[in-house]
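Given the sequences, and given the hints that come with them, work out the whole structure.
There are 2 protein chains.
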Amino acid sequence: MSKDPYLYQFEYPIRIADCPTDPPKDVHEKDLEDITKDLAKELGKLNNVFMAEKKHSILVVLQGMDASGKDGAVENVFHYCTPANIRTYSFKKPTEVEFAHDFLWRVHQQCPAKGEIGVFIRSHYEDVLIQRVHGWIDEKRVKDRMDAINAFERLLEFDNNTLIFKFFLNISYEQQEIELKQREAERDKMWKHNPGDWKERERWSDYMRCYEDVLNNSAIPWTIVPVDKRWYRDYVITKTIVDKLSTLSMEYPGLPKGL
Amino acid sequence: MSKDPYLYQFEYPIRIADCPTDPPKDVHEKDLEDITKDLAKELGKLNNVFMAEKKHSILVVLQGMDASGKDGAVENVFHYCTPANIRTYSFKKPTEVEFAHDFLWRVHQQCPAKGEIGVFIRSHYEDVLIQRVHGWIDEKRVKDRMDAINAFERLLEFDNNTLIFKFFLNISYEQQEIELKQREAERDKMWKHNPGDWKERERWSDYMRCYEDVLNNSAIPWTIVPVDKRWYRDYVITKTIVDKLSTLSMEYPGLPKGL
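Protein chains in written order, with this note's numbering: chain A, 1 to 259; chain B, 1001 to 1259.
Calculated directly from the structure, the hints in this document are not laboratory data. Because the structure is a prediction, the values reported are computed rather than measured. For each residue, glycine too, the CB sits at the ideal point set by N, CA and C. Some hints could be false.
Residues from chain A shown here face chain B by an in silico Cβ test under 10 Å; the list is partial [unchecked claim]:
| id | residue |
| --- | --- |
| 1 | Pro83 |
| 2 | Trp105 |
| 3 | Glu157 |
| 4 | Asp159 |
| 5 | Asn160 |
Calculated lysine-lysine pairs in the BS3-like style (CA-CA distance at most 25 Å, straight line) [stated by the list, open to error]:
| id | chain 1 | residue 1 | chain 2 | residue 2 |
| --- | --- | --- | --- | --- |
| 6 | B | Lys1055 | A | Lys54 |
| 7 | B | Lys1055 | A | Lys140 |
| 8 | A | Lys257 | B | Lys1093 |
| 9 | B | Lys1054 | A | Lys93 |
The structure is reproduced here in structure tokens:
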């Protein structure tokens, strides 16, 4: 798929330390501005057929450190898509009831129906990331959960024709500091500020180690997205989704039967 | 566990044709009447501690042909349990929304929280039984779904301390006819009558073949319950659950912390 001159090629096993957080050297915002916009418009069109056809469902998982730009990605990538069939779900700290169930219980409920795009801002992967970094679960549980995740995603694929896109938003340690400070300083970003984010930042290398395990142990591969430049993030994600949907030869189904 | 003189021993692989539908020869209703009642009372007590302790959850799956006595089992086995923490769910034909998701989507939602007993009257197993018997899914899908079921039940076990009890209510072809005719004849049973049940009965041997596969391919083993005599059914199910719960050394947790 990607002889695309603007995309990096990644090889497994992934070492996050070797993965860029910036766009390729000669790629500039101006080069991609129109291309990304056209791709987003194309996604809007593809989404209309996809919604009408109801043959597949789409799950988009966005994972990344605090301030890696997950919310912004949703806003820009789906800018030209009707929200009619897009269900964004932002996973926060589990409620008491959620905690009284297995970790996939609340996640499964939010999975998209055929014709729907489910967008997860954070996801079931937090249950092998934040929980592991803090030592709230042991390594045996991490292994069992990764197995469960792989079986779960496989189920979504074979039993509901779910196309699963998983994006790891790769931000640099330096850029995160800039972004977190902006949140503290700018009126329209303050609502996202969480003093706890600075505390989590201290565990950066633990997070990277756990992310690396996730990337290398997932049955369904991840797309690694350099996000220090937000315009490049939008290009990579939109391009990845559009390329895949374009292979489906989707068609409007015509008049409903029996009419 | 079962040197119990009233229980059969079953060996895998299971051949349903070799499994009794009647109680052991010398076991009579009078022998078990008081025992079963005491067991049901004991279950009521155990359930109180279980509910208070909130360490485990319990899932009881009841599968069997039409009129094999699933509803009656629920009524009798849990007769001395408070309904406060018992959530019975009877799986019917999937709705349009349920059909637009993977087969475990609606099932997962109904899974019990810690301290709850979830009772499934029919279950996810219908998706490899009725759907297979009618050829609505191909054999590849059957295999994939069995794998998904095993991974799913394993998840409930390791991530939510779920004790899973699966009962196959084994009724004879002859007894089913008697039960179905009673439904048509008796005023208080007519509401359960479904003319389609006679049609399904014609596929008896297909159902037995598919049930046999389920019994032999489940990671978590089934309890086979001879149900031609309803009093024996109640004994086997209640005994099985009580025996298991008795091994947990559950305790009332005392006053909530911090008070």
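Outcome of the hint check:
no., hint, in the structure
1, Pro83, "violated, 18 Å"
2, Trp105, "holds, 6 Å"
3, Glu157, "holds, 9 Å"
4, Asp159, "holds, 4 Å"
5, Asn160, "holds, 4 Å"
6, B:Lys1055 - A:Lys54, "violated, 41 Å"
7, B:Lys1055 - A:Lys140, "holds, 19 Å"
8, A:Lys257 - B:Lys1093, "holds, 22 Å"
9, B:Lys1054 - A:Lys93, "holds, 20 Å"
Hints 1 and 6, counting from the list given before, are not met by this structure.
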